[in-house]
Amino acid sequence: MVVKVKVKLLTKKFLTVTILVLLALIFAFPFYWMVVTSLQPLKDFMRFPPVLFPKHFVPENYIKAVKYIPFFKYFMNSVRISIMVTIGATVTSSFVAYGFSKIKWPGRDILFMITLATLMIPFVVLMIPLYIEFKSFGWLGSFKPLWIPAWFGSAWSIFFLRQFYLTIPSELTDSAKVDGASHLHIWFRIILPLAKPALSVVALFNFIWTWQDFLRPLIFLNDENMYTITLGLASFQQRHGGVEWNLMMAAATLATIPILILFIFMNKYLIEGIHITSGLKG
Amino acid sequence: MLKKSRKREIIWGIIFVSPWLLGLMIFYVYPMISSFYYSFTKYTVISGPKWIGTFNYEWLISDDIFWKAVANTFYFMMIGVPITQLIALVIAYMFNYLKEMKSISFLKVFYLFPILIPGAILAIVWNLILNSQYGILNSFLRVLKINAPNWLESVQWSKPAIVLVGVWYIGTSMIIYTAALNDIPVELYEAANLDGAKWWTKLWKITVPMISPAVLFNVITGMISIIQLFDLPYILTSGGPSYSSYTWAMFIYDNAFKYMKMGYASAAAWLLFLVTLGLTLMIFTLSRNKIYYGGEG
Amino acid sequence: MSRKLFPVLLILFLFSMAFSRTVVTFMTQWTGPEYQVIASMAEKFNSIQDEYEVKILSVSNIAEKFLTSLAAGNPPDILHANDQYVAPLVAMGAIEPINDIEKYGVNLDEYRKEALEAIKYKGDLYGVPIKLDIFGIFWNKDLFKKAGLDPDNPPTSLNELMEYAKKLTEYDQNGDIKTLGFDPGYNDKWTWPHVWPYYFGGSLIDKDGKITANAPECVEAYKWFQKLSELYGTKDMLEKFVGGYGPYWSASNQFVSERVVITFSGDWLAKIIDLYNPEMNWGFAPFPSKDEKPRAYTEIDIAVIPKGAKHVDGAKKFLAFVSKPENTLKFLVPVSVLKEDYVNKYRDAMISFPHRDLFQKIAGGVRLFFAPATPVWQEYLTHLTTAFLDVLFLRTTPIDALNDVQKKVSKALKMMSM
Numbered sequence: 715m716v717v718k719v720k721v722k723l724l725t726k727k728f729l730t731v732t733i734l735v736l737l738a739l740i741f742a743f744p745f746y747w748m749v750v751t752s753l754q755p756l757k758d759f760m761r762f763p764p765v766l767f768p769k770h771f772v773p774e775n776y777i778k779a780v781k782y783i784p785f786f787k788y789f790m791n792s793v794r795i796s797i798m799v800t801i802g803a804t805v806t807s808s809f810v811a812y813g814f815s816k817i818k819w820p821g822r823d824i825l826f827m828i829t830l831a832t833l834m835i836p837f838v839v840l841m842i843p844l845y846i847e848f849k850s851f852g853w854l855g856s857f858k859p860l861w862i863p864a865w866f867g868s869a870w871s872i873f874f875l876r877q878f879y880l881t882i883p884s885e886l887t888d889s890a891k892v893d894g895a896s897h898l899h900i901w902f903r904i905i906l907p908l909a910k911p912a913l914s915v916v917a918l919f920n921f922i923w924t925w926q927d928f929l930r931p932l933i934f935l936n937d938e939n940m941y942t943i944t945l946g947l948a949s950f951q952q953r954h955g956g957v958e959w960n961l962m963m964a965a966a967t968l969a970t971i972p973i974l975i976l977f978i979f980m981n982k983y984l985i986e987g988i989h990i991t992s993g994l995k996g
Numbered sequence: 048m049l050k051k052s053r054k055r056e057i058i059w060g061i062i063f064v065s066p067w068l069l070g071l072m073i074f075y076v077y078p079m080i081s082s083f084y085y086s087f088t089k090y091t092v093i094s095g096p097k098w099i100g101t102f103n104y105e106w107l108i109s110d111d112i113f114w115k116a117v118a119n120t121f122y123f124m125m126i127g128v129p130i131t132q133l134i135a136l137v138i139a140y141m142f143n144y145l146k147e148m149k150s151i152s153f154l155k156v157f158y159l160f161p162i163l164i165p166g167a168i169l170a171i172v173w174n175l176i177l178n179s180q181y182g183i184l185n186s187f188l189r190v191l192k193i194n195a196p197n198w199l200e201s202v203q204w205s206k207p208a209i210v211l212v213g214v215w216y217i218g219t220s221m222i223i224y225t226a227a228l229n230d231i232p233v234e235l236y237e238a239a240n241l242d243g244a245k246w247w248t249k250l251w252k253i254t255v256p257m258i259s260p261a262v263l264f265n266v267i268t269g270m271i272s273i274i275q276l277f278d279l280p281y282i283l284t285s286g287g288p289s290y291s292s293y294t295w296a297m298f299i300y301d302n303a304f305k306y307m308k309m310g311y312a313s314a315a316a317w318l319l320f321l322v323t324l325g326l327t328l329m330i331f332t333l334s335r336n337k338i339y340y341g342g343e344g
Numbered sequence: 018m019s020r021k022l023f024p025v026l027l028i029l030f031l032f033s034m035a036f037s038r039t040v041v042t043f044m045t046q047w048t049g050p051e052y053q054v055i056a057s058m059a060e061k062f063n064s065i066q067d068e069y070e071v072k073i074l075s076v077s078n079i080a081e082k083f084l085t086s087l088a089a090g091n092p093p094d095i096l097h098a099n100d101q102y103v104a105p106l107v108a109m110g111a112i113e114p115i116n117d118i119e120k121y122g123v124n125l126d127e128y129r130k131e132a133l134e135a136i137k138y139k140g141d142l143y144g145v146p147i148k149l150d151i152f153g154i155f156w157n158k159d160l161f162k163k164a165g166l167d168p169d170n171p172p173t174s175l176n177e178l179m180e181y182a183k184k185l186t187e188y189d190q191n192g193d194i195k196t197l198g199f200d201p202g203y204n205d206k207w208t209w210p211h212v213w214p215y216y217f218g219g220s221l222i223d224k225d226g227k228i229t230a231n232a233p234e235c236v237e238a239y240k241w242f243q244k245l246s247e248l249y250g251t252k253d254m255l256e257k258f259v260g261g262y263g264p265y266w267s268a269s270n271q272f273v274s275e276r277v278v279i280t281f282s283g284d285w286l287a288k289i290i291d292l293y294n295p296e297m298n299w300g301f302a303p304f305p306s307k308d309e310k311p312r313a314y315t316e317i318d319i320a321v322i323p324k325g326a327k328h329v330d331g332a333k334k335f336l337a338f339v340s341k342p343e344n345t346l347k348f349l350v351p352v353s354v355l356k357e358d359y360v361n362k363y364r365d366a367m368i369s370f371p372h373r374d375l376f377q378k379i380a381g382g383v384r385l386f387f388a389p390a391t392p393v394w395q396e397y398l399t400h401l402t403t404a405f406l407d408v409l410f411l412r413t414t415p416i417d418a419l420n421d422v423q424k425k426v427s428k429a430l431k432m433m434s435m
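Chains as they are written, first to last, in the working numbering: chain F, 715 to 996; chain L, 48 to 344; chain X, 18 to 435.
A few of these clues could be false.
[What the hints assert, rightly or not] Heads up, incomplete: computed chain F residues facing chain X, CB under 10 Å, no partners named:
id, residue
1, F848
2, G852
3, R953
Hints listed in this document are in silico derivations from the structure and should not be mistaken for laboratory results.
Idealized CB from N, CA, C, for every residue including glycine.
Construct the complete structure from the given sequences, taking the supplied hints into account.
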């Protein structure tokens, strides 16, 4: 009887593993194909019927790709901007979200709704007034328009962290309050350590979005030396001059390296998830 | 005594949100007021804005392309949000089921890979998959003897094709769901098992309430991002064939930067904003009693 | 010590100010080798004078970038635009007329008559022509031979073209289209719906600028194309065939992979052929005109000076430099904006370019025509594209499609004049 149950359980687990692996391969397929194409010669680009497992590789594409555009310069620009935005957005949002979740004050929920509302207007509509504003601040010609706003907080991050903070049981904070702890103390010493996994999720996504952002660098940067890697990728495409697809894929693959590194670092939190209960026990 | 501490609470509340409050004023309120003003003007961007009152809004109502865009956008929302959230949840549930197997957990990262593909390459990748004759998907369907539609070329299938592509981007939601599922205290399940609870009961009495804040978050952010859907249809179908996959956000963009009718585009943007706000408020209100927050401050 | 240092620093500062150059920005979509050409031209210009320094800014999405900077009073000094973008900008007053450009040394006489037409609007001169792309039909000589047609004789009349299209189309055992005789633009991103009325002797606007989308010649033109589609088969057959198209700029381009025998495209299709199927034997000829007077659709790039540009004098000086034949001939295109005699005189300045002789010869024997100049061109083109594709894919009738275009674009014109 026990054996029967055990076998049933194992089959269920085995089936689940198979499905997850299969789906993972399907989801990863576009990326796989991008990398494979980056190692192909241009003349074979998208020849139909498509060859999914080519035998012939041209790694020189990578060397040509980093010479075609000032790859390293653009790459470092992207790194600088993404790090600045990630730190600013994560730190400030973690601070602000506390005010939206752990303190009761009049107007809080209305302001929170307004915060959500900022996510509801497409950026293209705000673009021109923002540009005019940044010009009057004298920020054009620098990276400032790209990273300073993040230091005031990011609506998505604030929303996410507020939801997370709301799941932290009040018992934890109540006992500290009774002992006379200030909000700053509670935020820094109790909430933040518990929120480490959520904070790393926020940091990861802010980094990815900033790294992949195309429109803001396009609009606010006027000096090619300051271009980001996303703008650099666009310069592989010529209107009627042909597209160096394989080189572009090579550059695009190289551009994913920082995010892949982040994936490995965030591994711990992504895999283990958020464990408040273990915090409780400890 | 009580009054003083109450006052202190209020001050602390405002202090904590003050950086955001300031940023809100500078980077959102001012531009939003500008764009609201533009919506009552004729503004080609080249010449300054010229006040024309409510004409833009009137014209929108009689613009059949606008209504096509609205209808398509609602389609994407009504079909796209439930499908993507459900799939994300089911996959997260499967990962949670195997949570002791650390090596399997590593697979989660693969589901985030689609974000790594830059926009310029998306069209090529999806042509490879959705091409009517040589595409991977149709080749697969033909093997199964299923009728292979002309995904991106047909008026009926262009929207489903885009929803299909949208499913590739559930990684973020899925990660959030796995975190929420992992977060459920095991003791709750153990106690339920002791009471002899069935799988169904455990699902609805424990799992669902415990992940309800995550569901609310994902549904709202999913809805907000799908209602602004632009990149996928812009790159894959240009909104066609015959405006069958043209979205509200594409309408705004085309009018702003292609036709240089910034005032008209701003009016459409403000309508989009109001609709999104209305839907979000509705979701929040309807879910008020159903979301379980352990730590309301 | 510091008392002596200050005047020295002051002098050095004033000295550097006198020698610091005014920066003139040139905004373009060019990248890669084409970008290199204009960049080295700028370098040369910078080295032969010390008043101005020209900086080339390569931008991929020029509409957003240009309009945003214009809105804030920060436009580039020179914008590299094409004739279709210029007409609306000119009509809306976004560009400065440069009627005095001849004083800077520009010789207008060196340009082809049609190129000069494209840079003028309502009597004023607005830019300097840079390069042009000529359009026509490309045909696959090998597949002509296979079908029993003379490979060196393209169709020269509309009737002949329709005949050939039918003859060259092949079907597979399921009844699906295997090879298409003539593709006039089934691919929604690479189609030119606005050229056909002109080949049929009509126009999209009248001499007063009124919209004439549903004029008889336009309807006749679209009827011809719907007849072509009906010749091939049903809507589903067409959707299925076109759904099998790969990316235009790749090895699975429909013409390059020989699934389409005749196609309408710009001269740059030759680049795709050279890249992905250089062994193919092909020819290029003008698309036949109804009135048998040879003409070819052309797109021309123009350098213009936006309103509000801060360094107009420097911009004009650079444009004059670019307009010198030895410089203009450096642009990487087969057909030049210059007249034949100037091309011959300065032939040595040209960078070698494949198939130049072929395209130059065709361009010499046709009248070039462009998209009409109207302030609502972008909307007009969008609506025409939808109409043309609906007609090609048998979703609607030509008269309904064009009536709809007429209605929408007339409304847009009215809105614009409010």
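Tested hints:
1. F848: It holds, given that the least Cβ distance between F848/F and chain X is near 8 Å, below 10 Å.
2. G852: Nearest chain X Cβ about 12 Å off; hint violated.
3. R953: 6 Å, holds
In summary, the structure is inconsistent with hint 2 from the numbered list given earlier, while agreeing with all the others.
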